[in-house]
Structure formats: C-alpha cells, structure tokens
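Quick mapping for you: the protein sequence lines, in order, are chains W, L, X, Z and Y.
Residues in the first sequence are numbered from 387 upward in steps of one, following the working numbering.
Residues in the second sequence are numbered from 387 upward in steps of one, following the working numbering.
Residues in the third sequence are numbered from 387 upward in steps of one, following the working numbering.
Residues in the fourth sequence are numbered from 387 upward in steps of one, following the working numbering.
Residues in the fifth sequence are numbered from 387 upward in steps of one, following the working numbering.
Where hints are given, some of them may not hold.
No copy is singled out in the list; a pair is fine if it fits within one copy or between any two copies.
Restricting the straight-line Cα-Cα distance to at most 25 Å, the calculated cross-link-like pairs of lysine-lysine (PhoX-like) are [to be verified]:
#1 K743 / K671
#2 K632 / K681
#3 K611 / K493
#4 K452 / K473
#5 K473 / K643
#6 K473 / K547
#7 K643 / K493
#8 K744 / K687
No wet-lab data here; the hints were simulated from the structure.
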Amino acid sequence: MIQPVKKKKKKKKYGNLKGLPPGSLVHIGNNIVENVEIELIEYNQTLHTEIQLDTIEEATACLENKHVSWININGISDTKLIGEVGKIFNLHPLLLEDILNTEHRPKTEEFESYIFCTFKMLSKSEDSLEIESEQISLVLGTDFVLSFQEKKGDVFDPVRKRIKVGKGLSRSRKADYLVYMLIDIVVDNYYEILEDISEKIEELEEQIFDQAQEGQLAEVQSIKKTITNLRRTINPLKEMVSGLIKSPSTLIHDHTKDYFRDVQDHLIQLVDNLETYREWNAELKDIYLSSLSNKMNQIMKVLTIISTIFIPLTFIAGIYGMNFQYMPELSYPYAYPLVWGFMLIIFLVMIYYFRRKKWF
Amino acid sequence: MIQPVKKKKKKKKYGNLKGLPPGSLVHIGNNIVENVEIELIEYNQTLHTEIQLDTIEEATACLENKHVSWININGISDTKLIGEVGKIFNLHPLLLEDILNTEHRPKTEEFESYIFCTFKMLSKSEDSLEIESEQISLVLGTDFVLSFQEKKGDVFDPVRKRIKVGKGLSRSRKADYLVYMLIDIVVDNYYEILEDISEKIEELEEQIFDQAQEGQLAEVQSIKKTITNLRRTINPLKEMVSGLIKSPSTLIHDHTKDYFRDVQDHLIQLVDNLETYREWNAELKDIYLSSLSNKMNQIMKVLTIISTIFIPLTFIAGIYGMNFQYMPELSYPYAYPLVWGFMLIIFLVMIYYFRRKKWF
Amino acid sequence: MIQPVKKKKKKKKYGNLKGLPPGSLVHIGNNIVENVEIELIEYNQTLHTEIQLDTIEEATACLENKHVSWININGISDTKLIGEVGKIFNLHPLLLEDILNTEHRPKTEEFESYIFCTFKMLSKSEDSLEIESEQISLVLGTDFVLSFQEKKGDVFDPVRKRIKVGKGLSRSRKADYLVYMLIDIVVDNYYEILEDISEKIEELEEQIFDQAQEGQLAEVQSIKKTITNLRRTINPLKEMVSGLIKSPSTLIHDHTKDYFRDVQDHLIQLVDNLETYREWNAELKDIYLSSLSNKMNQIMKVLTIISTIFIPLTFIAGIYGMNFQYMPELSYPYAYPLVWGFMLIIFLVMIYYFRRKKWF
Amino acid sequence: MIQPVKKKKKKKKYGNLKGLPPGSLVHIGNNIVENVEIELIEYNQTLHTEIQLDTIEEATACLENKHVSWININGISDTKLIGEVGKIFNLHPLLLEDILNTEHRPKTEEFESYIFCTFKMLSKSEDSLEIESEQISLVLGTDFVLSFQEKKGDVFDPVRKRIKVGKGLSRSRKADYLVYMLIDIVVDNYYEILEDISEKIEELEEQIFDQAQEGQLAEVQSIKKTITNLRRTINPLKEMVSGLIKSPSTLIHDHTKDYFRDVQDHLIQLVDNLETYREWNAELKDIYLSSLSNKMNQIMKVLTIISTIFIPLTFIAGIYGMNFQYMPELSYPYAYPLVWGFMLIIFLVMIYYFRRKKWF
Amino acid sequence: MIQPVKKKKKKKKYGNLKGLPPGSLVHIGNNIVENVEIELIEYNQTLHTEIQLDTIEEATACLENKHVSWININGISDTKLIGEVGKIFNLHPLLLEDILNTEHRPKTEEFESYIFCTFKMLSKSEDSLEIESEQISLVLGTDFVLSFQEKKGDVFDPVRKRIKVGKGLSRSRKADYLVYMLIDIVVDNYYEILEDISEKIEELEEQIFDQAQEGQLAEVQSIKKTITNLRRTINPLKEMVSGLIKSPSTLIHDHTKDYFRDVQDHLIQLVDNLETYREWNAELKDIYLSSLSNKMNQIMKVLTIISTIFIPLTFIAGIYGMNFQYMPELSYPYAYPLVWGFMLIIFLVMIYYFRRKKWF
C-alpha cells in the first residue's frame, strides 16, 4: 500500500473480484505464505503454555476453558483455513472478507460476541529504503484473541516474552489487555518510521539550500507520497482506537481503556508530527523553486556583466577598424594608447557600477 | 456529466424546462432509447422466473404475491411509460421527475411505503478514452424493486446470474438485499475507473520528469476535471448509502445494513484514494512548472557560456583589426601566435570557471 | 451587488444612513421606480381574479376572505407606501427596513403571524454582458403572500399564467405553495447564469491554451469576482430554503416542504457546480502563468540559437580581420574557402546539437 | 491594535505586567487621558437629565431610582477611578482588568447582576491614512449602563441626541436598548472603514494592471494586514453579539434581542465582505507577479529581436572585413551593393518571422 | 522540542523504549539533573512555611493536615524518586510515565482523587537566539499540589513571593488557585516569546523589501518552524485549560474557574496572534520570490539596453570595416563624421525608446 509500484498488481486482483457474490473468500494481497503457522498461547496468572498447532480444529478446546488464549495465525493466503477459523469461532462472513483483503482501511467493528479490528503494521524493509506495510487483524472474544498476520514476523516477540516471564500486568489481565499490548507494539514501531522521514527531510533541506539539483524535486515528491500514505494508515488507526475506547461492549474493561487512551495519545502525537513533516516537506518545493530562480539570477548576472563590459569596447574597436580614407585619429601617434586608456576607463566605470549594484 | 462537452446540450434542455410547473414529466438526458425494455424477475428461495414485459401493466400482479419482484426498465426517455409506472406503484410526482432528470445528484429519499435512491454508474467507453456516466434509479418497496437504467447494458448481469443459480444469500434474502447487490456491483465498477486514473497520473508524472512538453498541462488539467467529477459522483453516493444505513424504515432489515456498511467502507476508501490522486495530480503542475524553469536555466547556461567565452575573444580580434598607423604590436613577428596563445588562456580560464560553477 | 462598479454609490447611501435611529425607513438601492405598481391576484380552486390596485388600502379586504391573495408590489423606492403596507399587514419595523435595503443578505425570519424571506433574482442584462441582481422579498401570512420587486419585470409571468389556467397543483394549494413557485422560478433562472459562466470559462481556457495574452488575466479575475458574488447570493439562499423546511410554523404545510426540499436539491447542485467553476477558473491563472513561461522559453531559445551560432563565427571573421603583418594564413590561396568550410562545419555542429536538445 | 507600529510599545507594557498578581489594576494602552470625564444621562419616557460628574461617587444615587442611567467615562488611564467604579457598582476584579487592557479581544461575559461586553471602535485618523482603534467597554446592570471609552470622542453623539429628542424607541425602552444603540452606532462605523478598503484595492488593481511597480507589493501586504486586523476585530464582536442574543439573563428583553439580531446580520455581512476583500487582495499579488513576468517577456523580446537581426548581419560584415589576399568578391564592382541587398533580405526575413510569431 | 536539532537524540531514546512493558518508568528528555531538589511550601491564611526536603517521604505528613501544601520537584531524571512520589501520593503508573516523558503533548487528565496536567514552559535561552522548552507537570489533590520541573529555574519565584507576602487572594484560596497561579505565570511568559517572533518577522520583512538575499529564505523557514512548534505547544495547552474549566471534579471551585477562563482568554489571544504571525511570515516567502523576479528584471534591463544600443552600432562600424574595392562612401571626405552623426541619432532614438518604456 505504501509502494505505488504495487498498484498495477492490484488491478488484476480487483478485476478477478468483480462479479463475485459478497462473502466470497478471496485473498487480496502480495504475501503468499506456503506454510501457514498457527500458534496457540494460553495463560492466566499462574499458568503458561505455548504450542504450534497443525490444524485450527485443535484450538476448539480453548473456547471452553477460562484461560486467556491467543491464537496467532501467520499467513492469510490460505482462504480455506480462514474459512474454517470463521466456522469454529462463529465469525461473520464480511469480517472474514476484511481479514483477507489487505487493502482494507484500518477500522474496528463490534459484533454480538466479539470485537474485530484491522490495521497496518509498518516496518522498514531489509535494505531500509522502502517502508513495508503488513495488515494485522485482531478478533477479541471472551477469553480469546485471534491475530492474523500476512506473514511470519518477529514484531510480537516482545509481547510473547512479556507474557512468558509474567512481567508487568501482562498475565494478570484479561484478553482485552492482550489486544492493547499488540496494538501498542505496532504503534511504537511507527515512531521509528516517522523519525526516518524527519531525518530524510532534514538532509534534503540541507542539500537544496546548498544547491538545487534536478533529482531533488522527485525526492520531495516521493517523501510527500510516503507521508500521504502514512496519514492514510495512522488516521483511521486513531479512529479505530477511539472506537475501542468508546465501545459499550463488556469485553473491554474500564481499566484497560486507560491504556487505550495512552495509545491514542501516542497516535495523536504521531498525526501531529506527520502534519508538521508534511508542511515542512511542502516548503522544500518552494525552497527548490526559489533556489532555481537564484541560480538563474546568477547565470544572468555573469552574462550581463561580460556582455555589458565588452560590447561597448568591441564597438570602439570596430570604429577604428573602419576603412574611411579621412579618419584623422588613425594617424595621430598616440591614438592607439589613448583608445586603450579610454577603454580602460569604460571598463572601470562598468565594474564600479556593478559593484554598487552588488552584482559581485 | 463527466464530459464537459455535454454542457452545451444541457443548456437547451434547461431552457425548455423553465416555466414548466413542478411535477411535469420531462426527460433530461442524452440517451434516447427507442424500444424501452421492461424485464421482470420474480424469485424466492424455491422459485425463479425471468420474463420480458410488453407493458408495465403486466407487472401489477407482482404487487400482490409474496415473491421478491425485480422490475428493471431499460430506457427512461419514454416519459409516458414512467408516468404509468408512477401510477401503478403510486410514486410521488417529484420522484418521477428525479428519475427522468439524468443530471441529478445521487441521493436517497424515504417515502411512506417505499425508499427511492438514484446514483451514477460509470463505465469506460468502448474506445476507452472517456468515462461514460449513466444514471441508475432504484425504488425499494415491500417485496419489489424497480430499477431504471438510461439504456440497455450488461452491468447487472452478474446479479441476474447469481439470482438464477441461487448462489450465496441472493435468493434467501428479501428485496433490500437485491438493492444492496445492485449498488455493490456499481461500486465495484468504480475501482476500475480509479485504477485507470492512477495509472494515467503515474505515466504523466514519468513523462514530465523526463521532459516538460507543452501538451502536458492540458492533460493534468483534464485529469483534474475527471477527478472533480468523480468526487461529485462518489461523495453523494456515500451519503446515499449512509442514508440507507440510518434509515428507520422497516423495508431495510438490520442484517442487510451490515452489507450496506461494507459498501460504505468501499466508498470511504474510494473517496480516500480519489483525494490522494487529486493531490498527486496537483503536484504534477508544480513539477511541470519547475521543469520549465529547469529547461530555461539550461538554455540560459548555453547562451551564457558561448557568449562569455567569445565576446572577449572577439573584442581582442577587434583591437588588432583597428587601422591605427602606430600600433607597434602589428609589426612584431610573433604577435599573431602570441595573440592566439592569449586567447587560448582566456578560453581555458573561462572553461575552468564554468566547471567550478558546475554549469556543465 | 454583482457589479463592483455600484460600490461607490453605496458609500454615499450608507453615509446618509449613519446616525439614523433603527427602524427608520430609508431606501438603499439603485432602482428608483416612479410609478409603483400594486397587483392583486386572488384565487382558490374555483375562482381567479387579477387586478391593479391604486392604493394599498384596497388590499385590506383580502385579509378577511379565505382565498389565496397575492399582492405583488413592483418598486420599493416609495418608502411611504412600504410604511403603509407595514401598518396594514402589521409588519415589524426591522422587516420593513430589510425590504428597503437591497444590499441585504438572503435570509428568512419567522414572526408571530407571518414568515419573511428576502433573496436575489439574477438576470442577464439586455446587452447580455453583465449580470443584474434584483432583490425579491416575500411575506407569507395566513392566506396571503406579499411580494416586493425592485422594479417591474416579467420573471413571475409563468407563475401568473399557471395560476390563471389552473395548471398542476397551482390553484388547489395554499399560499405556501405560491411562495414555493415564486422561489422555484427564481432558482430556475440561476441555471442559465451558471451555464453562461461555464461557457465563458471554457472559451477562455481554449484561448489561453492557444496563446497567453495580456488581457486574459483580467478576464479570469472578473469571472472570479462574478463567481464569488454568485456564491454570496446562492449560499444564503440555500440556508433560507433550509430555514423554510425546518420551520415549525403552521403556515408551511408538510406536503409543501417536499417541494422546498426539491428546490434545495437544485440549490445544492448549483453550489456544487459553482465550486467546480471556481476551481476550474482558478486553474486558468496557473495555465496562463505557465503559458507565459513557455513563451519566454521560446523567446530564449531563438535568442540562444542565433547567438550561439553566429558569435563564434563572427569571432573567426574577426581573427582574419586583424592587421598583423605576419599572419601566414592571409596569403594562402585557399585560405578563404577553407575558412568558409570551417565555419560551415561549426554551423552544422551547432544545428545538430540544438536538434538533439530538441530546441527546434 | 490595527497599527503594527504600536507593537514595540506593547512589549514594555507586558514586561511590566509579568509577575503581578491577577486582579491588579494596570492600564495597558496608548491613550493617557489627563482629565477623565464622567457623564451621567438619566432618562425615562417623560424625564431627561444630562450632567457632568466630578467624582464617581455622585453616580451612586442612580442605582436606586428607576430611570435608565447611562454613565459614560471618557478615559481609562486613571486606574484609581476605575477601582472606585468597581467598588460602587460591585464589579468583579477580572472585569476591571479587562476594561483597562485595551489589547483585549472583544467578548461578552455574564455576571450575577450585570453583563459585561468589550469591543473595538474603529475610526479613520484625521489624516485619513490609518485606521485608529479604540476600546469600548459596556456594563449593563438593572436600569444602568456603564460605558468606558479610551478618550473623549463624538461617536456616541447621535445616541445622546436621539435620547434627548426622544426619537424612535430610544426613551421608551430599558437599559438593554441603550446597549443596543451603542453597539449599533459602532458597527455602522465599520461600513465606512470597509468601503475605504474596497476602494483602495480597486485603485491598486487598476494600477497593477496598468503597470507593475516595485512599491505595489508592499501596499498589497499592508492592505492584507489591515484586513487581518479587521477580521480579528469583527469576528469576536460577532460572537459577542451572538452571546448577548443567547444570554439567558433577564437584563436583555426578548424584543431587544430582535434588534441585536439585526446587528448580527450586519456583522455577518461585514465579515462576508471582508472575506471577499481578502480574496480579492490576495489575487492582486498573483496579478503583480504575472505582470512582472509579462514585463520580463517584453524586455526579452526586444533583446532577442535586436540581437537576432544584427548578429548575423555583423557576421557578414565581419566576413568582408577579413584581410585574405585571395577573396574574389572584394574586387567585384557590384559586390558592395549586393552585400547590402543580401543583408536587407535577411533583415526582412527576420522581421517577417517575428511578425508571424506576433512578437511585435 | 522547539529545536529540531534535538531530534536525532530522540531517536535513540525511543529505540530504547520499544518493547518495554507499559508503565515502565523511563526518563525521556535532555535535562539530566544530578541533585534533584524537593521543596515544600505549606500555607493557609495565617500560616506559611517553606522548607527543602531531602527525601520525598518527609512530605507524607502534609497529606493529613488541612493546609495547602505545594511540593515542587526540580528535576525528573531520577526515575526512582518519581516512583516513590507515585507510591506516596497513590498516582497511576501511566501518569508517572507522562511526567517522565518530556516529549508529551500538553493535556489534562482526571483521576479519582486528583487532577493531572502537563504542559510546556518556554523561555529564551541565555544567548537569546533559541527558545528553550521545559515540561511542567502538575498534580492537584485535596489540599496539595505536586509540581515537576525538568530543572531548577526561577519561573515560579513570583508565585512563591506572592504566597509569602500573602498578596492578593494567593493565601486565602485553596490548592486549585495555586494551580491557576502556576499556569498563569507560564502563559505570561509566552507573550514575550511571541513578541520576539513578531519583531523578527518585522525586521526580516524590511530587509527583504530592501534587498532579497540568499540567506533570507532559510530565516523565513526557521521562523515558520518556530511558529509551528509554538502552535503545537499552545493549542493543546488551550484544550488543557478548557478541560480544567469543564471539569466536574470538586477539586476545582467555581470561583477559581473564572480565573481559568481568564487564562483561556489569554491563550485564545496568543493562538490568534500566532496565526497572524504565521500568515505574515508565509507572505514573506512570496515577497522574497517577487523580489528575486524584480532583480532579474533589473539585470535583464541593463543587458538589453546595452546590447540593443551597441549591437546595431557595431554592425555599422563592421560595414565600413569591409575591404571591398568599390565602396564609394569610403573616399567621401565627410563620411567619417557623417557615420558618427548617424550613430548618434540611433543612440538617441534608442535612449528615447527606453525612456518611454520607463526602463530607466
């Protein structure tokens, strides 16, 4: 979503979709995962188990016990599996469709017995030049959380570890607190992305002030697109968290809402920063243009100084290059050095004039 | 509506309208259909019939049975027919006027025993250069749906097929679900239009970065107009769907509203994308202008380099072209090569100066 | 109000007003009508009379009968008459002030026993170059409508005719429907004005794309002012109609509100179109400026090509115009044609260079 | 406040203020009045007295009788007096602070037994080049109005006169109507200020269209600042009047609110006009810039025409100025006139080319 | 926060934070204070003590008596101390996190038994070139106020003094009034910062109107960033004060809310001024660009005047420098002075032409 290059692929996908009845499970996305992993973590204040499941049916048991169960599914390209998850956990067909469509806007939706939210995780790609976007979907039910990632990644590792060692409130709270921890870790990642952008803009600004060059406008443009995409990722995420805070559902406890409010504070600050970067970047374009104008002025000055000095002098030389028979000056013995002197005076007057005009 | 060329025709139409009492049935539009087709599809979970009607009176029967009846009318230029439909289904005169006026803004309106909505369907014309807009009007009553198209088209074919084969929920639901399916298929079409625009902008951007040419601004301008028109089509459609969701009418069931909410999600995303394209396109203008400035700089540099090198040299040649009798240099044997050498030095100094200024 | 030229006159008027106690009846406007006409049309479903009154007192009778009475007053410069109308129909002094002040913003105001609304009618002047604005004020009471026009005009003729022939609902409805018909006919006029503007912009755009000329910016500017003025006329009119729809007064029946809603739909579309024209027109300025830049580039190219070709050639000619005694080339028999050849080569190289740079 | 020049003085004042406890009475403003005048006007429908008071204690009596008492204080630099007024009329310390601070934003505030409002009066200074701003504060209590002016002025004279002659409703209404009259007279003054601005912009526009000159941008800038300051004066005044209209206090009677609504209508129109002037003025900058570009084009054309014509001709002259021994043309008898002829042809071709390009 | 230079450091800090469980106490900021000072001021209308505490435990006593206790902590880098404060005063872990994070947006939050607010204090650094930002956090409980400063400073000295001498209402009011005084003193500081900015813009404007120079755009840019940062500081502070005014908590008395409203008035004015400065500063960029254009025009004029005068003259000289054998003019005795005369005429015609065009 962040990379406009992906756009072309999207076209075909939507082309395939058209005409399908609503509720048809079709995967829309670029991450095709062959071996989808299903991970089940169960815990309460005293107990903690962490296992890999082969089939989703094995998770059925966890619906009945009173532990918090976190079922993490890495890979959503296997639509059959998603369909089975839907049947076991009794999920609405439109919700399954949203999980599979990685082009979806972040949002939260409340159903009778569970809350669904979907949002984007951002990470710098390995060569650190592009921002990669991955869709995360969460389903919060009574005592269980389903999480769907596009591909296997280590972003949730700190949460796994925190649950394992029972640090902080992690294990004494219910499933809603787990949802909070998962969202929080994703939002923390956004700070790094924004700092990268801020640094890029800073560097570019210095370069442009130094010397306007042709490629820079394309860079300004590309940063602008990144910021626009980020805004389209973070703003609905803010709405999503706000939706969780306002939710009347009993699945989210009041003391957990304090924590969601904290996440919201962070998101407000991120949006704020992003807006600042956007303005800052927009300024760069003006600076670039004025830098171009400045350069043009510089070129024009050189041209004007040289032309203005030598054109009159050449005229004088031209005068005495005329072949009239009766030109008294030609035979004066000191005419030649006098002409040189006269030319020197003109030269100096010109120099003085340009100096006073502060042209150099 | 998408094509400004149509504007001139509109004028005359409105000229005809002025002074007519409200409720007068006058067709405003460019699609004059000679043989208006009336199609009646009746179905419930077990039954399915699909027939062509000759007169609208034949449809009266369907008001009494309990099947879902879909009456699709292809062509609205026959105002007499529309008037008859109005009488049979007891439609408000202002509603009939809205059906006939293809310049109308998308909207939904609730009446005592039915809900009316009108919106635009977009399609690429056959030569794929222009976007064609066609108005669709729907009337949702108890167990029946009236749909009005400007001309015969195949856009609703997937819905017809889905009803025929009884795929998904198509046949187990009531008339409100049929309305949803019809709106959904139109919204799906919008994605293709937007992807086309996105591609056009991308191509144009590459071209402008490559070399600014005179026709490009006109193209930017034309894309801008297309986007503006799309925004004027999609935004009120979003409001329309939102109106259907908020409707207190019992004609729309709660479980169907979930589907309308899904359509609304798509429309929000479309509006979002459109806004991004609008900004992106607006940037192109600035890039074009800065590209022009860059080109000017290039031209000026060439002029300045050539002038600045040769004007002083020409002056020197001019000096020794003077005809003074007493010019000692003229008779020095090595004067000529020395002058050449001097000129060479000036030339090299200039070249060095421009290099340092990074002019070439 | 549409013509900034009128502004200067306004000053004096306001100068006169200052210091007058509120409620003083002073006419502010440019249309001084000598023979104010008072027209009385009375009708119900069976009856219809249409007479010219000499004095407003003659209209007193119509307050008592149960017919719909429409008293149309052409000309508001006679403040004494307006005062008398106020006394007979028991109108608030501030309302009379508003009727007389033709610079007033469109608005609706509800009083105990009547509803007041004031708005602008627009028409193209006879020479069709300027838009003329005339203020219309309406007072809707029980079974009567007072309408005030600045001067005699034929804009209400279709309404008169419709009442006369009893076409449509015109005569079966009450006074509120008459108010609707009067507002509707004025709004219909706006469409023509907007189509004119749209055409003007289109023409101007073609001209500017063809060739930027000095007067065009002034034209863009003038269209901008017209649009701004229209916006200031239509937007409050939309609010006015919205006020009538929301009015809790029993003077406006619910089934008439459907018609007002229809007018509002039209006004929303007009505002929408106007906004589009405004953006479109704003673009013209940028196109004009880029067109200027393009032209400058063109001029610079010609200058650069000519200079860059001939300055080096002139230098060569200058070299062999020097008068050194020892210049071996001068006596070579083929020197002259060789120099010509050398110059030709330089010329061709230059031409090739400019071709490759696509300068011509 | 309107004049940025005053800003420097403000600094010192605020510097003095810092660290003072809230409620300390400090005068912030430029108008130091030596002899503060206290004027007491008492009236009801039958009675009218108008006297100058020496001390504010003399006004105590008016708190008990049932007449409307208007105490007008010209000059607020005497903080001791203001403190005494506060004690006698039982005013809140923060309110007194607001009266003394002439940099305050217009606002209204309701207290238990009185309503306070503060706003700006604008007037053209005597030399009519600058706009002078003076703060007016009003306190409306039961049967009395306190008004505070920065210095003695004649702006309230029409109100005094109207009360004296008992014209209109002036004397039959209560103190709230007096407040209305005072605000109304100030708002009336704004119209003149705005008309002045409108005229200035109009003149400047004509000048710029005529010829762009260097000082004009500074003028556009200065008008912009004036408009910004006016907006900051009028907008909160609109809110203030709106606050009075919405006030639940019994001090303002319902029939007086109609009059305040009338003032609000005027303020809405003023804000509207101001916005139009702001846009109009902003356009001037673009016109100025495009005018500069146009001029540059003009200059470039002259340079290019002259250069392009004479540079090739000079080259030809240079050719025949070469000193080769074997130049057959030199000895042809008609060579000289032929060269002239050739030059003439080049000249004419060039002229034709520029004509076709519409360069002159 | 005001200085973009700090941004790079921030990165590392956030890097450290990532993965920590929420509620972990980590100090985010640049001010590391070695000797954290704890100051305790206790007072009521009759009593006043002021002591330095070594450990925060000593403050426990003040929770029980009925005096107002102000505990001021200078330095927040000692996370252990902050943790202890949290335990003694029973503060929420997220609140402690907010105190320690100096990058936090100003906000107020209500807890069961106390109100928390955090905001920025701005001060000019000693060399007066940069604006320093320090975070202040306040906790208002029953009869106590905790204040946290990043480092020891004298900004609260006036409040200390006012409490000591019992001036104004300082000692007769409760803890909420102390909070008001602390916020008020910080807001007063903002006025100075804004006046500095206003002066800087004014100076820069004069310089640019005088002569556009290359560094100025960078200065405009830097002022813009400062204003953006200020806006991000003041706007949420306004919301914070508004939150305190709307607070339903009994900790803030109604008569203190009047004072908070006064602070809010000041903040509205500050925001207003800031917006004005922002617009004003934005204008500077346009003035700078137009100034560049003007300068270019000036340069072009000089070039054009010199070229246009001398190029034709040089051509004439070139003509008579030709070596044709048959050039009758060459042997005319008065040819040379006649040519001079002819050149003079051309020169004068040119001068006249440029004069008429007002080029100099």
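So, going through the hints one by one against the coordinates:
1. Taking the shortest alpha-carbon separations for K743 and K671, only the inter-copy value of 23 Å comes in at or below 25 Å, while the best intra-copy value is 29 Å.
2. For a Cα distance limit of 25 Å, the shortest separation of K632 from K681 qualifies neither inside one copy, at 56 Å, nor across copies, at 56 Å.
3. In this assembly of identical chains, the alpha carbons of K611 and K493 lie at most 25 Å apart only when taken from the same copy (22 Å versus 31 Å across copies).
4. When the C-alpha separation of K452 and K473 is checked against a cutoff of 25 Å, the pair qualifies only within one copy, where the shortest distance is 21 Å, while the shortest distance between copies is 32 Å.
5. Taking the shortest Cα distances, K473 and K643 sit within 25 Å of each other only across copies (22 Å), while inside one copy they are farther apart (30 Å).
6. With identical chains, the CA atoms of K473 and K547 are never at most 25 Å apart, being 30 Å at best within one copy and 27 Å at best between copies.
7. For a Cα distance limit of 25 Å, the shortest separation of K643 from K493 qualifies both inside one copy, at 17 Å, and across copies, at 17 Å.
8. Proximity of K744 to K687 under the C-alpha cut-off of 25 Å is found in both arrangements, the shortest distances being 10 Å within a copy and 16 Å between copies.
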